[in-house]
Amino acid sequence: MSEILTPPLKTSTGRTLRTEEMVVNMGPQHPSTHGVLRLELVVDGEIVVDVIPHIGYLHRCFEKHSEAMTNYQQVIPYCDRLDYLASMNMDWGYALAVEKLLAIQVPERVEYIRVIMAELQRIASHLIALGTYGLDVGAFTPFLFMFRDRERILDLFEMTCGARLLYNYIWVGGVSHDLPPGFIDKARAFCKYFRPNIKECNDLLTFNEIFIKRTANVGVLPREVAIAYACSGPMLRGSGVDFDLRRDDPYGIYNKFQWNVVTGKGEVGTVGDCWDRYMVRVREMEQSLDIIEQALDQIPDGDVQSSIPKRIRPNPGDVYVRTESPRGEIGFYIISDGSQTPYRVKARSPAFVNLSVCPEICRGSMIADVVAIVGSIDIVLGEIDR
Amino acid sequence: MKKYFNDIFRSVWSVLIGMKITFRHLFTPAVTVQYPDVRLKLPERARNRLYVNMDDCIGCFQCDMACPVDCIMIETVKALPTDDLGMTSTGQKKRLWVTQFDIDIAKCCYCGLCVYPCPTECIKMTDVYEFSEFNRSNLIYNYATVTTAEVVDIKAKAAVYEKEQAAKKAAAAAEAAKAKAAIPAPATAPAQPPRPTPPPSAPPPENKS
Amino acid sequence: MEQIFRTLTENDFLIYFLMSVIPLLWVVPYALFAVWLERKVSAHMQDRLGPMRVGGWHGWAQTVADILKLIQKEDIVPAAADKKLHFLAPWVVFIGSYAAFATIPFSSAYIGSNISIGLFYVIAVSAIVVVGILMAGWSSNNKWSLFGAMRAAAQIVSYEIPTALALLAVVMVAGTLNLQEINQHQAGWFWNWYLFRKFPFVFIAFIIYFVASLAETNRTPFDIPEAESELVAGYHTEYSGMKFALFFLAEYANMFAVSAIGSTLFLGGWNSPFGDLLGGPVWGAFWFLSKGMFFVFVQMWLRWTLPRLRVDQLMYVSWKVLTPWAFACILGVGFWMMM
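Residue numbers (our numbering), protein chains in the order written: chain A, 1 to 386; chain B, 1 to 209; chain C, 1 to 339.
These are computed hints drawn from the structure, not numbers from a lab. Careful, some of the hints might be misleading.
[What the hints assert, rightly or not] Below, in silico cross-link-like pairs of lysine to any residue (SDA-like), each with a Cα-Cα straight-line distance of 20 Å or less: (1) Lys-107/B with Cys-61/A; (2) Lys-41/B with Glu-158/A; (3) Lys-3/B with Val-321/C; (4) Lys-199/A with Lys-41/B; (5) Lys-3/B with Gln-313/C; (6) Lys-20/B with Met-315/C; (7) Lys-84/C with Glu-74/C; (8) Lys-199/A with Ile-17/B; (9) Lys-186/A with Thr-147/B; (10) Lys-199/A with Tyr-4/B; (11) Lys-20/B with Glu-74/C; (12) Lys-199/A with Thr-147/B; (13) Lys-157/B with Tyr-141/B; (14) Lys-320/C with Tyr-4/B; (15) Lys-107/B with Phe-62/A; (16) Lys-310/A with Thr-147/B; (17) Lys-41/B with Cys-61/A; (18) Lys-3/B with Met-315/C; (19) Lys-2/B with Gln-313/C; (20) Lys-3/B with Pro-324/C.
[Unchecked claim] If the Cβ cut is set under 7 Å, some of the chain A residues that face chain B in the computed set are: (21) Asp-149; (22) Arg-164; (23) Asn-168; (24) Ser-356; (25) Pro-359.
Glycine is no exception: its CB is placed at the ideal position from the N, C-alpha and C atoms.
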């Protein structure tokens, strides 16, 4: 974008003064790259001319490991570690794919539990995204407030399945444990506690003029570009595209609840800027609270382990199932060759695809903006590198 | 021009609101728990360090097979019919010496998949989470209750027993062959129904089924 | 104070050396205390506890332990760094911050150097910090440090202007640059303070001065030079051990210096807010130090509330917001005085 760069200057003797472009490494170890991501920035002064992301520092051979497992259930701990901040959603995506391959139906109580867990996980993941985003732009306090609230959600998870981050909870055909006694009351108490905190964080950060100046009109992702790059999740909805897999390609029982799909409207800047993506995440948290409260009211009784098959041996075939994780569309493509071990498991990672749009929207902005933009894409290297 | 003054006013106002919130939080009680002086009680289902109650282990290899990272290493030796290994607390008679039961807790991913298939519920996840070591090899937990000397003894006896069984089988097969050869084969006798083949000897149960 | 020293010795050099060490007796313990206070203030604003263990009661000895650790740390100098500049830079920054204490009156009995151009001297000498920062950024041989240093230089130089203009408004009212005399003019109850004279012009000048001083000391929302999440630590990335401690000391000394000047010029300095009640030289020192500490607390409060501005927005605030408003204040005060 040459119009942003300064035109070449001429000395008094008529020679052209050249400025050199500097290659700076926002290296794998950096407080703001949300994991081990290497961003090679070609800068001219403070203006970024090009961004080249280098990934692969966290590659742990998820897909190869899945082929070495002795059965389909054993892959679930590996799915946890894909997007480790949204483990429930990863497990659910994989479990849905295998259930489709086996053509089994899960009991209704299991569906309700899965929705509650996935939406709680969505809130927890968005809290991290928003908190660390505040940290990137310099606001230290909202980060701690959000982590304090996230601890409550992790307490709920620990009560149910015993783990705080990598749950191995949603299994093929059901869930590993039923809800413990006291869970429903504690979850309702959490919803009641959390709603005013969203408002407090809005007052502190979202509508703070300095924050708005840092994020509005920065990293504008036009609608067509977002669709062309196959962005999904809050990236896509922040650009004004009204598309949410939970409503448009439904899975589970999302159609039983009353909730809205949140899109960016360019309230303080342009549609598709960083502020819009941030606001979409904040409002999605509120929508998730609505879903959770409705699910807690409607949840039926039942057995959560009756549909878990003893032996998983699907017919040969392949299946692709996509679900809405906090970062976008997580898709699992599974090829079965008729044995108990999967032949191929491919995970379509939302953050990987969303990150690919980074060079496009970073050109012409300043270094400080690159930090803001990468933070608003909300990447997790675990699922980018798999 | 109006936008300029509007910006300034909004900036000052949002700064003051933010300051009010942080000032208010100066007086709210802190949520920090002062570990290690105060330790929170973990919920009942907490998944931390593994523990195996070897009295109940029947050496079925279910946990070994269920582990996604292969951190459990088990070795068993079939007990002689004369050995009495006792019963598990669930009433099963133990038929296998478990000569090696190692869990590399550094590899363990704390998924809990080994807990579910155990028929006697002898492998459990406890709530112990403070088990760091200075030496990494100390993180390989050896649960087997037989000493190394006993293991050598058991394996030696088992080897001897195998040889005897094999010798007996060979002798029985030789007898059967001799008996078969003694019967004269008829020239044009009607086709005789095939003799039922003796059932194959059952494979030793410690193999994976 | 000078008289007390004259009774001890006749050597001029020794007397003035002792006079110049006295602020150090305040600055060093204050820096130790201020780092601890910052950690506690930030912790309680974030619903945490902060240091609790070192020294027993709420970890009061935490900074002492940190300084002991920093002193014995290995001094790492990057192989390709410019050794002389790398060594000198923290000293230049510290000297620039500390030299401002020479003309600040701590009480009616003590002022390091009672010169008639006290305020002018302070503004001039605190600009030496820029040289030190540029030296630090350049000599580290690190692109990120260089970035931080360039941003810091641009920021500090730009914000000198609204600072000086806002102070100019007060000087017009006071009629003198001597800080001790400015203090004496504000004697009496708190409505005599310059903050409330020629209202609202001096009040607005005070706000401008306070915001500009945040930028002078590289505090959020203007802490781009040391933006932790972007540049790791800006111009002092490559410093370890005692040199890093010097940078830190310089930053906190600077914080107190600008707070002290603000309280001297606008809030009456060492004057008691109740007139003659609780007045006198010793009480004067108390009032002065507590007003300074109050502003230090407000600086910390702002740090933990606000996100940081981008470099070009920082420049915009300085040149297009603070400077025009400072000019407006000067005009306002001038017209008022002409009436």
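Quiz item: Hint numbers the structure violates, sorted upward?
Solution: 4, 6, 9, 10, 11, 12, 13, 16, 17, 21, 22, 24 and 25
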